[in-house]
Each structure stands twice: as structure tokens, then as C-alpha cells.
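**Student:** Please take these sequences and the hints and turn them into a complete structure.
Residues per chain, in single letters:
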Amino acid sequence: MGSAPEASELASPAQEPLIGRLPDAVLFYWQNRPVTAAAFLQDALRLAQELPDATHMVNLCRDRYAFAVAFAAALLRRQPCLLTGDHSRLGLAALAERFPGSFAAVNAADCVPLPTCPVRANGETPAIAPPVPMIPASRLAAVVFTSGSTGAPVAHRKLWGALVARSRAAAAQFTLDAAAPCAIIGTVPPQHMYGFELTVLLPLHAPAASWCGPAFYPSDVHAALAAVPASRILVTTPLQIRALLHAGSGLPSLRAAISATAPLERALADEAEQRWHTPMLEIFGATEVGSIASRRTLDGEAWTTYPGVSLQQAADATMVSAPWAEPVELADRIEALDAGHFRLLGRRTDLVKLGGRRASLSGLNRILTELDGVTDGAFLVPDDLNERVTARLMAVVVAPCRSPDSILAELRGRVDPLFLPRRVICVDALPRNELGKLPRQALQALVARLDRPA
Amino acid sequence: MTELGNSASQTLDGQTAPERAVAELLVNTLQLEVAVDAIDPDMRLFGEGLGLDSIDALELALAITRAYGFELRSDDERNQQIFASLRSLTGHIEAHRTK
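Residue numbers (the working numbering), protein chains in the order written: chain F, 1 to 454; chain P, 1001 to 1099.
Keep in mind that the hints were calculated from the coordinates and are not lab data.
Just so you know, nobody snuck in bad clues.
Partial chain F-side listing against chain P, Cβ under 10 Å, derived:
#1 S88
#2 P214
#3 L408
#4 R412
Far from chain P, by Cβ distances over 10 Å, these chain F residues were calculated:
#5 I135
#6 H341
#7 D428
#8 A448
We put the beta carbon where it would ideally sit given N, CA and C, even for glycine.
**Tutor:** Laid out in C-alpha cells, this is it:
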């Protein structure tokens, strides 16, 4: 079970420390005080002894520090962390069924359909720093998920060596300086790959300390930035950049602001740079490959790949290779400019992206058409999905005996809230062509016709 | 109930005047496909009920600041209570509004 090392782990002598920082280095800001590497290690070692025997840990901690402690403890206990953004009952029940013998690490009294273990931590630096454990680079540290075209999530494995290598690569990419450690204020959940890499893993191996208090609303971000010393790096998303700019008032001095999860409009980047007097950077990545490139948005469309990451063009797809990571096919289409630079051509059309989450359109359609009483149906993605904050998907359904409300209610447990249709429209038939295909324009025209007042 | 019971648009179906104002803010800000009257004060706003999501929460926070003059903070557990329903959100707004 959980304590049996994988065969690959025994075969490889390579090891990486759990923490690559000095014992008194600040790794996190938690409950308004700095937490040192020694304190974090002490908390992780203590929790590792309290964890139940299990195969996997579903890390549901919302508190970023509790999340980090739980992740480290699970790593020590050889319990890979399952990271999911779907915390719905149905989603978690499906995860528990797929990974039998797993439990959930929680930092609040959450009601979840699997055994739980509360995560306790105190963040206090011990009198004597414990020795830092070495972890085989080949140990499976985390499993992350993307939505697949079958409607079921696809699992992606992250080895410890890959995560450490990427943290070091990020430190080089953003020239983080050990002589002047930075404070990271992340607005992205730790379960999201971008948040996991930049706000949980980075402090373990790079000169950075991550803020673990609230950082969702503009006022939270203001308070967080004011609470940490310079140099500050804001790790966020286009949505939150927009909200921060709309909320008005300047920000304390920043060393950089970093955006990911969706393309950052040039105008927004320009406004952010002018208002905040800081470079507005973007990271390009994906759940299955992590962060692989960055750019300053205003410098143009060329992305610079992280050190150690290489891209190979194969037929229609791009493969990404990196230390300790299996080559992965990229979901976006790119054009290589030279060995270290590329530009994005676009996304494969089956993918829908919203609020940092990704879904497969065919997967969504499959979930829809598998509902009882639904004879045909399709999701429609508005053209301006990523330009208009209030834009969401809609669903057009053929279901003679069902109401739109009942269909929506049933989708709720099965579909990420962000991808729930804002409208469910019942029709007699979908405008399929003679091949049975549903041209997007025909579906759009049908909806436009229905919307036109009679 | 209200004295204006003969006017269909003002029967309020249980909404108080401040609740109706917040319901209007919700529908207009988020461009929801529901009638303002149709939002039951006890209906859940996130997840079930109105089915709002995290993008909506951020957008709503900006609109609340513009309309009522105070800023929302995420003090975790309490925040879930505030956003639980139209009634709880309105109660929070009425207690903290500066305009």
C-alpha cells in the first residue's frame, strides 16, 4: 500500500532534499507571521506521523500553509497527493472510487465522501532544526487532473525530481536572488497546478516566501501586499488583474506581477504596468506539463522556455520534455522561433478554458447526452467567452420529457460550476448535417433565431 | 406582504426592498437569465440555486463596492455564510454599507 516504494524509485539513486533552503530562511507567511524552513519541516514531520496508512492523499486544504504541510507530510509517507479543483461531493466520490484506499487532508470541518485527516500545524521554529530528509527524485509526489474527451478526468503524474527541477528553473527564469528573497502573494488555489508550483513548491527550493492568508478579493490582495516586506511578486490571473485595476488605488511597490491561466490582453498588461510601475509577466503552461515558458506581455508574442524544458514538433502536435517528466503532448499549437523561443498559434478546438479551468467540449457534450431522457444535446461556447466576464456556456438540448431546470440540476453534480450552462434551451431537434455533425454556426443560428422576439 | 399587492411587479414574492435592490444588482452585474423577482431570498447563490461561480464572486465584489461603498474581504468561513443567500448577502451589505 502506501509504504511500498515504486520499483522505479528503488532503481534510481538520484535524490532531492525536501527543502533546499537554510533552516532560518522564511518559506511562508502564515497567520501574519513568517514561518521558517525549520518550522515548516517540524510541522511536516509531525503530521507525517499522524497520517493514516493510505494509498493517496486528496489534499483539500484551503489554507495554503496547511496545504503545503500536508503535501510534504504525504511525500514523506509515500502518499502521492491527488490535486483536484473539483471539490463537489460527486467529484470527490468518483476520485475516491478511482483511487481506493485514499483519504482527504482537510483544514476545516469539511463534509466529504471519504475518510478525513485534519491538518494541524503551528509554524513555530524549533530550538534545534531537524535534518532535512532526502527524497528519491523518482518518487511520485502528486497526481493532477485535466478533463478528458470522455468526460472523465485524465490523471497526470508528477515525480518529485520533476517538481524540484521546475522550481529551480523558475528561480533562474525570474532571476530570484538568494541575497534578496522575494515575497509571493498568490491569488490562485494551491490545488491548481499554477498555484501549486508558484505558491507551494517554489519556496521549498528557491529564495521566495509565499503568503498564506486570504488573497481573493482586491481588498485581500491589498492587505496581503502591505503585510509582507519588499520585494513582492504578485502571482495572479487576468480576471484578478482586471478586478484589482477596477477596484482602483495603487499597490505597494512590486518587483513583478505574473499572470497565467488565460491570455492577458495587451491593454490590460499596459494598464497594470503603468499603474503598478512593475513588469507585467506571463507564464505559459498547462496542468499536464506545468509552467514551461514566460514573457513580458508588452514585449510581444515570443515566449522564452524555462531552462531544462525542450519542445519537439511531431506531426500535428508539440511534445514537451523536461527532467524527470515523461514527454507530454501540449494541448496548444505552437510555432518554434528558435531553440528557446516560440509563439502560440492557438488551442485545439475541443478545449474550453474559463477562470483557469479547462474542459473538453466533447467531454461536456457526452455528459449532457448521457443524462436520462436527453436524446441529443450540445454545449455552445460564446465567441466572446474570454473577453466578457459574464460570458458562460449554454446548452441546447433535445429532451421531450424534461425541463431545462431539471437538466441543469442534474448537470450540477457532474460538471465544474464554471462550465455549467447559464442557459439550457430545449429544442425539437439539433441542426445536424447529413453526416450527423453539428456545425457550430448552425447551432449559433438556431439560438439566435430562438432569441429573436416573435 | 405589501400594500401594493395589486401590482404584479411589486408583490415582491417575499423579497424586502433592500433584497430586491441586491437581486437587481446580481441580475444586472452578472447578466443572469433570471427575473429579479424569481430570486428567492433563501435560495443558494453558489453551487445549487442560482449556480454562481468564483468569477461571479469577484465581479460581484466590485459591483458591491461601487454601489454600497465598502469592500468585501475573504475571512474564509464567514464569507461562505455571507454569500449563502440573497437574504444573508443583503444583511451583510446593510450592516456595512457606507453609501
